[in-house]
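Q: Chain by chain, the residues run as shown.
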Amino acid sequence: MAVAEADLAVDRPRLRVNWTPYALILPTLLFLGVFFVYPMAQAVWLSATDPQTGALTWANFRRMSADLYFPQAVRYTLLIIALAVPLQVMLGLAIALLVNTRFRGHAFFLYLTAVPIGISDLAAGLIWLSIFTERGYLNAVLERLDVVQLPLIFLTVERTDWLLGAIVLTEVWRATAIVMIILLAGLQLIAKDYAETASVFGATRWQTLRHVILPLLRPSLQTALIIRTILAFQLFATVVTLAGRQIPVLAGEAYFWYSLYRSPNVASAYAVVILLFSGSITWLYLRFLRADEGRA
Amino acid sequence: MTLRRLGIYSASLLISAWVALPLLLITIAAFSPRDTLYAWPRRFWPEHFTLETLRFFLRFAGVWQSTLNSVLVAMLTIGLAFVIAAPAGYALARFRFRGRDSMQLAILATKMFPATVLSIPLAVAYIRWRLYDTLWGVAIVHTALSIPFVIVIVTSVFVGISYELEEAAMTLGSSRVNAFLRVTLPMAAPGLAAAAIFTFVLSWNEVFAATILTLNNRTLPALIVNSILGAGAPLHFRFAGGFFMIVPALIIIFLIRRYLLTLWGVTVR
Amino acid sequence: MAEIELHQLRKTYGKVVAIQEVSLRIPDGEFLVLLGPSGCGKTTTLRAIAGLEALDRGRILIGGRDVTPLPPGKRGIAMVFQSYAVFPHMRVLDNIVFGLRMRGVDAEERRRRAHEAAELLQIEDLLDRYPAQLSGGQRQRVAVARAIVMRPDVLLMDEPLSNLDALLRLHMRAELKRLHRELRSTTVYVTHDQVEALSLGDRIAVMRDGAVVQCDTPAVIYDAPAHRFVGGFIGSPPMNFLTGRLHRADGQLGVEVGGTAVPLPPSAGAALAAQGSVTIGIRPEHITVLFEAAPVGVPAQVSVLEPIGSHQLLTAQVGSELVKVAVPPEFAVEPGRRVWLRFDPVRLRLMDPATGQAIALAP
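Chains as they are written, first to last, in my numbering: chain W, 1 to 296; chain G, 1 to 269; chain L, 1 to 363.
Because the hints were derived from the structure by calculation, they are not lab data. Misleading hints may appear alongside valid ones.
[What the hints assert, rightly or not] Some but not every residue of chain G turned toward chain W, in silico, with C-beta under 7 Å:
1. F44
2. A85
3. A88
4. F95
5. V201
6. V225
7. I246
8. I253
9. T267
Beta carbons are placed, not taken as given, at the ideal position from N, Cα and C, and that holds for glycine.
Sequences are here, hints too, so could you generate the full structure?
A: The structure is reproduced here in structure tokens:
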């Protein structure tokens with residue numbers, strides 16, 4: 001034996017903790033701490049303090065709620081979400097199911113319907129503006145079909161339904177893509193066996209969809225709903241391009257209070273309202289769409 | 001053809017038209033001369049296609065500069081996001097450590113927070129920190145927004161590359177760093193590129209924070225929003241602007257479409 | 001000199017003990033197989049030798065050098081991974097010479113040695129291809145070539161054949177044996193396949209629950225397992241185990257099985273306590289089936305007869321225990337028939353029923 005037994009320090013324990021992963025993560029934590037957590041706290045702080053004295057006060061919130069546009073902003077924001085999000089989910093689900101049947105050309109169909117991911121809410125607003133504006137493509141079609149002689153003015157304060165409708169339509173057109181992808185991914189994870197078993201036991205396609213696939217798709221649906229709702233609360237550019245301030249929304253009001261009225265405190269109050277709404281609705285989703293325990 | 005097949009094909013056709021038509025229309029609008037756009041009765045197809053409208057847009061005060069700003073901000077965002085977030089993604093992929101799950105949860109949570117909330121208090125802070133109305137300021141916010149995505153992408157990239165390959169390199173005489181550079185990095189390159197491209201699109205499209213945080217050094221979306229709100233943007237300007245904004249994003253998404261879908265867990269046959 | 005010494009290796013993952021205390025000495029040029037079920041610690045031990053796992057305790061010496069603090073690249077080892085770990089973004093040639101490049105070997109020498117290795121592994125015509133264009137078996141050979149081109153002191157292999165189909169595995173087993181004869185490098189080979197172990201190893205270290213149960217030549221492992229576990233793991237089908245009682249009659253030591261007194265060979269030591277229950281181990285090929293009662297025949301009832309091709313496997317019931325017997329292909333018997341089993345006394349193995357340890361028969 002080349003090494004004497006006595007020299008073998010076999011009992012020395014080695015240092016266990018590896019600092020490398022923590023070092024690698026530190027920059028992210030620091031950065032997000034400063035540029036994410038801090039602003040969040042700042043927003044709450046700003047909303048609850050007087051800009052002059054720095055004293056704690058409800059004044060900003062009072063000013064916000066007393067404003068003419070506030071109740072409308074809340075109403076329209078919630079309305080847009082209540083209309084757009086379910087439509088997105090239904091359409092997204094339809095597209096995902098279609099793609100999943102793998103018909104000829106389904107790959108191209110998938111890529112096409114995924115395109116809107118690269119389109120901002122501003123661009124989407126401008127695109128649909130070209131359709132709904134007075135000298136837009138919708139009027140062009142109507143004129144061609146002899147439905148109208150003179151152009152209809154859709155996007156006007158007198159036609160709030162149309163304004164709202166255009167906004168919802170644009171949102172659905174743009175944002176369905178991300179819902180579709182989330183649902184499609186979830187769909188593909190559901191083993192074919194489940195659907196096949198159901199059909200062996202006599203379930204029609206609709207029954208299989210309702211009783212087998214949708215329940216299994218719950219986590220994806222939950223994710224999609226949460227993401228889309230939170231993003232919908234921040235809707236700004238689409239509304240502004242299509243309706244200006246005729247349709248007030250929470251994010252828009254926040255913007256105006258900051259830039260127009262030069263009151264970052266009230267703007268922060270709006271931000272806090274958005275935060276609260278997003279948080280509570282997320283909590284509601286998580287609560288009522290909780291995936292069943294013991295699911296396969 | 002069965003009824004079901006027919007239903008599937010017609011539904012897909014309908015939806016495809018619904019997605020494609022507006023894109024087609026804005027493209028036509030961007031290449032239609034001003035008169036056509038304002039005329040009544042409104043024609044779909046202009047007499048002749050023209051570059052005038054786009055030229056008008058590009059020559060409009062501040063557009064070219066703000067486009068450059070947008071590109072610059074996007075580049076800065078990519079750089080920052082990678083330097084900060086890519087190592088974290090690698091750590092989550094390769095190491096098992098205490099706090100790993102909470103970390104992943106935290107990343108997820110940031111995605112769930114409304115970003116609007118960020119820009120307003122940051123605007124106040126930026127004035128203090130002298131970052132207001134700077135491209136760096138916007139890039140920082142965009143970085144914060146893109147970090148969760150970059151981490152998720154980078155993590156999945158490195159999870160997909162077996163650590164055994166690095167180990168094999170080490171048994172053959174590589175140092176740990178060398179093994180990473182020679183073996184893992186080349187294999188990770190396509191995925192990392194896709195992450196960078198995705199970050200670019202995210203930054204290029206971002207509107208709210210850019211509008212709040214800039215005054216003179218605007219990005220393109222900020223400029224356009226401001227023009228619209230200031231009522232200084234005629235229709236053909238808007239249409240050209242819409243088209244101009246979507247073109248790079250669409251090209252890019254088209255190029256990395258396969259990877260993007262795989263990323264979200266979708267397999268394309 | 002590439003002798004390997006493992007001194008009291010220990011490795012835990014949190015609460016899980018992967019290696020309890022492994023000590024082995026592997027002489028230069030030996031082909032040692034680490035054999036055991038999954039989770040027994042064989043791969044961990046191999047990776048510890050490679051330097052890919054940090055040990056809690058223990059020392060590893062290669063060629064007399066303490067390599068424990070050294071990284072894998074400096075230990076004089078080369079490794080073939082179970083997944084082959086062939087670099088997908090490099091051609092086969094570049095894969096093979098990777099290690100040589102790391103060591104700064106010049107291009108001419110690299111090419112020469114690569115061709116040498118490729119020839120040995122019969123993959124010369126694949127050198128320009130990319131791994132994605134190769135079959136699993138070809139990739140495996142690239143992995144082996146990449147390792148042997150290093151002319152390592154120690155060659156480590158982690159289940160290199162387990163991902164191949166049965167026929168290819170058979171072929172590659174012979175190839176590896178031939179390779180070892182030519183290269184004569186000290187090799188540590190991990191497998192869960194006992195046939196591989198018996199065929200390839202100069203010695204086999206049977207492991208279970210992080211410890212080496214027995215380390216010996218294949219013949220000894222097969223004929224004289226040190227533990228019930230070893231007997232039950234090696235051999236296909238494995239050793240039969242029956243309960244019995246030691247007793248002494250007429251100065252003759254014997255075991256009572258199923259009511260019959262089976263004599264032990266005369267050389268069986270007086271060291272054995274002449275009472276107490278034991279576990280008897282006997283391999284299927286060391287049992288003869290009799291159709292008439294014999295004084296040393298253990299009564300049994302035929303359960304199933306399975307043709308295996310070269311012979312048949314008879315399952316018989318002795319009391320409440322099942323015994324498998326190897327019988328010739330033309331052997332015929334009906335299920336349910338009463339038979340008597342005669343155990344070859346020389347091949348009988350005794351084990352402690354509580355610990356499973358083998359009880360030595362010779363003094």
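Q: For every hint, state whether the structure bears it out.
A: Status of the hints after comparison with the structure:
Among the interface hints, the one on F44 of chain G holds; its C-beta lies about 6 Å from the nearest C-beta in chain W, closer than the 7 Å criterion. Here the hint on A85 of chain G is kept, as its CB sits about 6 Å from the closest CB of chain W, short of 7 Å. The beta carbon of A88 of chain G comes within 4 Å of a beta carbon in chain W, closer than 7 Å, and the hint placing it at the interface holds. Evaluation of the F95 of chain G hint against chain W yields a held restraint, the C-beta minimum of about 4 Å falling below 7 Å.
The beta carbon of V201 of chain G comes within 5 Å of a beta carbon in chain W, closer than 7 Å, and the hint placing it at the interface holds. Given the 7 Å rule on beta carbons, the hint for V225 of chain G holds: about 6 Å separates it from the nearest Cβ of chain W. Interface hint at I246 of chain G: satisfied, since its Cβ lies 5 Å from the closest Cβ of chain W, which is below the 7 Å cut-off. Because the smallest distance between the Cβ of I253 of chain G and any Cβ of chain W comes to about 4 Å, under 7 Å, the interface hint for this residue holds.
Because the beta carbon of T267 of chain G sits about 6 Å from the nearest beta carbon in chain W, less than 7 Å, this interface hint is met.
Violated hints are absent here; each numbered hint is respected by the structure.
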